[in-house]
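Dock chain B against the given chain A, drawing on the hints supplied.
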Amino acid sequence: MNVFKFFRRGGSAPVARERLQILLAHERKASGQPDLLNILREEILAVVAKHISLDPDRVRISMDRGDPVSVLEVDIEIPNKFDMPKTGAA
Amino acid sequence: MGKVLVVTSGKGGVGKTTTTAALGAALAQAGETVVVVDFDVGLRNLDLVMGAERRVVFDLINVIQGVAKLSQALIRDKRLETLWLLPASQTRDKDALTEEGVRQVIAELRERFDWVICDSPAGIERGAILAMRYADAAIIVTNPEVSSVRDSDRIIGMLDSKTERAENGSRIDKHLLITRYDAGRAQRGEMLSIDDVLEILSTPLLGIIPESQDVLRASNVGAPVTLANQLSGAGRAYAEAARRLQGESVAMTVPNQKRGLFDKLFGRRAA
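Quick note, the sequences are listed as chains A and B, same order.
Residues in the first sequence are numbered consecutively from 1, following this note's numbering.
Residues in the second sequence are numbered consecutively from 91, following this note's numbering.
Isolated chain A, as found in the complex:
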């Protein structure tokens, strides 16, 4: 790229700096994701657990990041003996 060549003037350090800045901005966002999911998971669990007793290990939370929209998927398994008639499939 001509822009890079102009700034480089024989040195490659500016290219290194620019590549790092772009990469790390991306990676920092990505590494924030598991924490956000954990926070969401705990808070959602707390709200649901107020009303229905559930097994914390039977809860799955995932996030699909897409371009126009992202999808937060919360999958909570509730044992049949609570609140639901035995015949009703969960």
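Rather than coming from a laboratory, the hints here were simulated on the basis of the structure.
Just so we're clear, the structure is a prediction, and the values are computed from it rather than from any experiment.
Heads up, some of the hints might be wrong.
Covered stretches of chain B, going by a simulated chain A footprint (3 or more residues, C-beta under 8 Å) [what the hints assert, rightly or not]:
#1 161-175
#2 271-285
#3 322-328
With a cut-off of at most 35 Å between alpha-carbon atoms, the simulated DSBU-like pairs for lysine-lysine come out as follows [stated by the list, open to error]:
#4 B:Lys159 - B:Lys93
#5 B:Lys252 - A:Lys50
#6 B:Lys252 - A:Lys29
#7 B:Lys264 - B:Lys93
#8 B:Lys264 - B:Lys168
#9 B:Lys252 - B:Lys159
#10 B:Lys264 - B:Lys159
#11 B:Lys168 - A:Lys29
#12 B:Lys159 - B:Lys101
#13 B:Lys101 - A:Lys29
#14 B:Lys159 - A:Lys29
#15 B:Lys168 - B:Lys93
#16 B:Lys101 - B:Lys168
#17 B:Lys264 - B:Lys101
#18 B:Lys264 - B:Lys252
Note that the Cβ used here is the ideal one computed from N, Cα and C, for glycine as well.
Relative to the frame of chain A, chain B by itself:
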């Protein structure tokens, strides 16, 4: 109560062990009591860099497993009375380290020494996390080079989430130490500059260690560079970093190599 430091980096080969030995010796020279602890279980090297490889009897794992007492495993430096080494095991695997065991050993060391300096293994696995787990402050060793800076960024994120301090809601002090710096190359735009690295990692600078042949020379003979050659650029830079750790404010410079007549006559030689 002593202060617990972890020397970490993510990437291997950037100078964690050299830094641990050099800062430990510099602090001990200033009259502080210091223990340097090797956390690189299975691949220990701090003993070799400190010149104590033939004096290792018991190690960190022996202490954690209750086979030896802490006082039996600690090795006193032959040059500095107040400098001690707690070696890692060379034979066990890293799973022998337990969180509870490490917590107890660190707590005991904290009682006995002014400074407990933990030399982290490379990587972001269990050993590296346990090395940083109970630290009050971290020294992140970074080379002015893309892969090292990227890994340092990752390690900084872990210091802010995986340490006991972070989990308790308090912060761990972070200090950046840039090693193998070549001022000439940075000036010519061939190497990331100090400002570049600081801007990217936004972490306070503890010191700048110039690329120096004395570092290899010191490890060849088994002496921390702050003892082997106090007048070398690297030796002086580490000594200044140690003073900053003690809370002194020392102007940030890139100490140059003091070149003797021989070096001047024959120029730079590959070390």
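Hint check results:
| no. | hint | verdict |
| --- | --- | --- |
| 1 | 161-175 | violated (count 0) |
| 2 | 271-285 | holds (count 7) |
| 3 | 322-328 | violated (count 0) |
| 4 | B:Lys159 - B:Lys93 | 22 Å, holds |
| 5 | B:Lys252 - A:Lys50 | 30 Å, holds |
| 6 | B:Lys252 - A:Lys29 | 18 Å, holds |
| 7 | B:Lys264 - B:Lys93 | 13 Å, holds |
| 8 | B:Lys264 - B:Lys168 | 31 Å, holds |
| 9 | B:Lys252 - B:Lys159 | 28 Å, holds |
| 10 | B:Lys264 - B:Lys159 | 32 Å, holds |
| 11 | B:Lys168 - A:Lys29 | 49 Å, violated |
| 12 | B:Lys159 - B:Lys101 | 33 Å, holds |
| 13 | B:Lys101 - A:Lys29 | 21 Å, holds |
| 14 | B:Lys159 - A:Lys29 | 45 Å, violated |
| 15 | B:Lys168 - B:Lys93 | 23 Å, holds |
| 16 | B:Lys101 - B:Lys168 | 31 Å, holds |
| 17 | B:Lys264 - B:Lys101 | 17 Å, holds |
| 18 | B:Lys264 - B:Lys252 | 14 Å, holds |
When held up to the earlier numbered hints, the structure conflicts with 1, 3, 11 and 14 and fits the remainder.
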